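All chains should be built: construct the whole structure from the sequences, respecting the hints.
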Amino acid sequence: MNSTIPVIVDGKKVEVPNGSTIIQAAEYAGIEIPRLCYYKDLTPTGNCGVCIVEVKGQKGFKRSCTTPVTPNMEIITRSAEIINARKTVVELILANHPDDCLTCIKSGDCELQALSQQLGIDREKIDKVLTKKPIDDSSLSIVREPEKCILCGRCLRACQDIQTVFAIEAMGRGFNTEITTPSGSMAESVCINCGQCISVCPTGALHEKLEIDEVWAALNNPDKVVIVQEAPAIRVSLAEEFDLPPGTNLVGKMYNALKMLGFDYVFDTNFTADLTIMEEGSEFIERLHENGPYPLITSCSPGWIKFMETFYPDLTECISTCKSPQQMFGALSKTYFAKMYNIDPAKIVTVSIMPCTAKKFEARRPEMRSSGFADVDYVLTTREFIKMVKQVGINIAAIDDAQPNDLMGSYSGAATIFGTTGGVMEAALRTAYELVTGKALDSCDIKEARGFEGVKEFTIDVEGTTLSCAVAHGLGNARKVLDKVKEAKEKGKPSPYHFIEIMACPGGCVGGGGQPYGSTLERRLERAKGLYDEDGGMKIRKSHENPEIKKIYEDFLEKPLGHKSHELLHTHYIKRDALL
Amino acid sequence: MDKRILQKYPPNAENLLFALHDIQDAEKENYLSEEDLKNIADYFNLPLSKVMGVATFYSMYSLKPRGKFIIRICESAPCHVAGALNVINEFINVLGLEKVGETTKDKLFTVETSACLGVCGVAPACMINDVVYGNLTKDKIKQIVDDLRAKGGSNV
Amino acid sequence: MFRTHALFVIDQNTIDAGAYAVKYELEKEITNASLQNEIKVSETGSINLIGKGVIILVFPDSVLYTNVTVNDVKEIVNEHFLKGRPVKRLVLSESFDIPNITISPAVETTKKQQRIVLERAGVINPESIDEYIATMGYEAAGKAITTMKPDEVVDIVKKSGLRGRGGAGFPTGLKWSFTSPLPGEKYVVCNADEGEPGTFKDRLILEGDPHKLIEGMLICGYAIGAIMGYVYIRGEYNLSIKRLQKAIDDARAYGLLGKNIFDTNFSFDIEIRKGAGAYVCGEETALIESMEGKRGHPRVKPPFPGQVGFRNKPTIVNNVETLSNVPNILLKGADWYRSFGTKNAPGTKVYTILGKVNHPGLIEVPMGITLRQIINEYAGGMCAGSVFKAAQIGGSAGALISEKMLDTPLDYDSLGQWAAVLGSGAILILDQKTEIPDFLRSVMKFFEHESCGKCSPCRIGTKILFDKSMELYKRKLKKQEWEEMLNIANTMEKTSFCPLGQSLILPISSADKYFKEELENYFL
Ligand SMILES: Cc1cc2nc3c(=O)[nH]c(=O)nc-3n(C[C@H](O)[C@H](O)[C@H](O)COP(=O)(O)O)c2cc1C
Ligand code: SF4
Ligand code: SF4
Ligand code: SF4
Ligand code: SF4
Ligand code: SF4
Ligand code: SF4
Ligand code: SF4
Ligand code: FES
Ligand code: FES
Ligand code: FES
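Chains as they are written, first to last, in this note's numbering: chain A, 1 to 580; chain B, 1 to 156; chain C, 1 to 524.
These aren't lab readings, by the way, just hints derived from the structure by calculation. Check each hint, because a few of them may be wrong.
[Stated by the list, open to error] Cβ-to-Cβ under 7 angstroms is the rule here; a few derived chain A residues that face chain B:
1. 166
2. 169
3. 170
4. 171
5. 172
6. 173
7. 182
8. 579
Here the structure is a predicted model, which means the values were calculated and not measured. Idealized CB from N, CA, C, for every residue including glycine.
Written out as structure tokens, the structure is:
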């Protein structure tokens, strides 16, 4: 079979990969066919009817997103008829859509708004047919505004096909269809808060629960000491929103912007990422010595944790008890930081900037109060952070670099790659290998753990013991690995793996549900590259070599898995109802 | 809910529609309760959202309690031109209801409208549970309701 | 041997009229008269006489009783069965012949139907496999499976020119020929969802001659190399489900389904799947989704079910009537079949004719006869006081046709010139008293209710068109809004995902074309 075939798009002959759909083929001819339900990384459903084209010799219009090309197909993407039909479809959609742009969180990023502009729809031609559907803001992470939903189905593809969570589904039929959870409430559902549905939603029908106002209030309150941490993935996800090449690492400018916003202390989640490696690495070493139980599974992705608690509670004993870096940071901010800087912890407000919507949920878990306070007070997504920056007119691209504050701001290369799939595994192996063998790895780079393959499996030899490792990102991929573990367990066989890393989101946190829109896999890869580049260029690339990490054990924690660690840095899990 | 009903079917999603029918029929109030749906999801090892998605898609299933007799009146074109609107009004009148979708206070009757029931030869027509009633007239409707009431009263 | 057979027509209508009570009474009286060894009481399927109460056919006397009540039974037994004198006042006809039962023998002008699909309906007991076999039943399957190669079977069906009777009219043999060469697991699915308003032909085939469908599926299964057949029946068709299930069980008991049929290495079985009230599940890919236990949303095509269907395996989906044509084609040959109907639409078609005609019901006639013939020669003409105004052909998605089209032959192509379609074969006759806007609102309600909601044009379009047609009926619609309705319906035709949303342009545009004057009177 030929790998490319010729097609003719609006009279122009182009060679396109065999198996392309018309919408993809047209791109080779420089034409971006208007679309609404199509999303590059998802199975096309053909729901919206906007992307129609004509194919010579065939009756009627074809949906370009679902129709595969055939050799020498003649495609017409624009004719008066096509354009009128597209406009009428969008007018129909608008007839069933509130005119809330001025106050809509999605305004400016909204694909429906943009499409309406693009097609030149300049007046309301069809009378509105609206149904009142209340906003569901019950969830700590995800807000649903069903009136703005255009039923494109993208969120279902994300939640069902990719994440295999099935929290949401289309209920009812015809005009009364609504995408919702069985109970009608996101809070009372199996939703794991990953926000992948938000990432792909073209409208404001799904978005994160905003905490911007609360953060401004804290910043403006002179009695509060407001400190901030930023997840590894943030530094490589800002550039694209400020007209810089995607994936550019803006860590210094990020610190500066936070200072300009008025945060009293700017630290970095990467510091606690290194700390996580110390704790989790030690857990792993313990299991090595005691020959199990295997596998050890990472715990820093709160989306994954809720997934495990809901669908794989039998695997609880396999999960590392380490809190996520965000929560370790939170607990330390009101203990270690308070002590070292001599600040009343009651006055401290801890804010985190996260690529993640699940972190909002995680921060409010009842277990997450080991400092005696809410360890983390507010969680902002990358998008919320950017909104704040834009609110006050800071142009990140143009400002200077700054440094974080001392104590919890330094990090190793191992920490920074936490932000992408395979990074935690690689970081942990760098440290564990050295702590066990006393020797450094030949190379810090563990290439087998990198890249976006759904499940990455490899082995590594540690002093004659062959360790099997698996890395999965996206929960559909995680299921593949977990089912193998489960099956072995049920049959009384040894675990097929020793160590597993799981990240809820495809690509890991670079693809988190709180990241800037347009977060395709391609974009996620660009961000991941930014992280690997940073790691590669760093002097300190192993967590245990981070001087501030050495210091915190000396001054405060004493030793990994010690008493204080257990109290502040480790947690436990609960079993959740899967029938919600 | 009697879980034995489910065990009739292998736990394969292909049998979901059957199971929903049977469980609903076994419910005294002719509907699928939350508990039913959860049991079904559990038995078939399906996400509850999928089961709910299916149960809310098909018009023969109800997630709200209904009467013992479900009167489904056809309102498609052939029945419409034969006077389906009068039939709807007559049932509502005779049963003392306000509108379609309601259940009588004695929980005996629920009036629903339906698309073509495939018995248009006797339009205007309705189905009450499994039984077809055709060529409906005012008198016939009254008679039907009286008969069912007599029947329903005896074994509720 | 019994001297006389009394056949009760049992269908949804006669049950409603009390057929079982009369049958019980008759059996009792026959026993009382000690005639139980001479007179056999049994059941048969519908003969399409509608609105005639309880119906009994008496053979070999060829007496057709209608409107029989429990009170008449004694008289029938005493007069007819004992004394040989039919009870005149209950006799509709003494002169119908088998198997070509005329639609209403009482009407002089009535022409004979041509029955292929319905040849046994009303003649044999549909619950008796023996009666089916005694009338050449399963011979076609035997011939195909034991003496022909699958390719040859596909070829005959191709040559016969049989086209799908589910609505789209796709050539059946051609469809089979795409699937037949594919390797691996394959399936035959019979589409018995029949949700098109005004259509109940498949129900009557299932109620009247279920073995014929089984035989058709068996032949199809052999021709394409399927391992399993499924019949997806709409949930409301209780009697069809019951009779078909019995027929399947009997066929299995006779070795006609199951392993090594006719001692060959061909194995095939059939199961029933039940719908739950969704018109869109008649669309073949939505039907497959539904069979898999999902919401009935149509799938993306291509791939077509013939390549990727049920359980993602190649699947032939055919209508009940289509498959029921197959046994006769195999038995009597393609040329025989082509001797009926037209060149491009050979064979017969089962129509359901409803509305303001004297004898609404079901007829099977050759393709290509005109609507005027159907009304006058088969349906007893217009009702007294009714003047023909319009007909909707092909169900709710069909076009409204006006008087000037009465002489168009009914087949797939001829109707095309009026932008109408044959669809499922439903014919609804409207008279001068029907207001077109009233009719339209009911049609739009149907679509609004049945839109699956998957695609935007149909989900929102059907809602708006229904709302606006209500306004039209209430004389609150501006002319310019009617133009907007046409634009919306046009857009839906071009951009809806499946034929449900695509086809609703037909009733609207035909109303605009042929009944504009009346509409003008309604505009604000
Ligand atoms: C909305 C919709 C409803 C349909 N309903 C039916 C139906 O009830 N019965 C049927 O046989 N085909 C129905 N069809 C047609 C089927 O999709 C399909 O074409 C048919 O089953 C193929 O069988 P045939 O080739 O034997 O006609 C429907 C199609 C659509 C779009
Ligand atoms: S979702 Fe988009 S179109 Fe709708 S109100 Fe918000 S910004 Fe406007
Ligand atoms: S686009 Fe401009 S004019 Fe229109 S609502 Fe927004 S601000 Fe006002
Ligand atoms: S947040 Fe994740 S789990 Fe929750 S509905 Fe969205 S995709 Fe599904
Ligand atoms: S919530 Fe968003 S992604 Fe989901 S169907 Fe609605 S518009 Fe599409
Ligand atoms: S990358 Fe994710 S898990 Fe790691 S520190 Fe950041 S937010 Fe936490
Ligand atoms: S992968 Fe990262 S962004 Fe996604 S849920 Fe886990 S922590 Fe959050
Ligand atoms: S056209 Fe209507 S029935 Fe067909 S897919 Fe679209 S919404 Fe569903
Ligand atoms: S983009 Fe193709 S149908 Fe929506
Ligand atoms: S934000 Fe931490 S694993 Fe995603
Ligand atoms: S139209 Fe009413 S039953 Fe068919």
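For each hint, the structure was consulted:
1. Taken as an interface hint, residue 166 (chain A) checks out: its beta carbon lies about 3 angstroms from the nearest beta carbon of chain B, inside 7 angstroms.
2. A cut of 7 angstroms between beta carbons decides the hint on residue 169 (chain A): the least distance to chain B is about 4 angstroms, and the hint holds.
3. Interface hint at residue 170 (chain A): satisfied, since its Cβ lies 6 angstroms from the closest Cβ of chain B, which is below the 7 angstroms cut-off.
4. This hint holds: residue 171 (chain A) has a C-beta 5 angstroms from the nearest C-beta of chain B, less than the 7 angstroms allowed.
5. Evaluation of the residue 172 (chain A) hint against chain B yields a held restraint, the C-beta minimum of about 5 angstroms falling below 7 angstroms.
6. The restraint placing residue 173 (chain A) at the interface with chain B holds, with a minimum CB-CB distance near 5 angstroms, inside the 7 angstroms limit.
7. Annotation: interface hint on residue 182 (chain A) holds; nearest CB of chain B at approximately 5 angstroms, less than 7 angstroms.
8. The closest approach between the C-beta of residue 579 (chain A) and any C-beta of chain B is roughly 5 angstroms, which is under the 7 angstroms cut-off, so the hint is satisfied.
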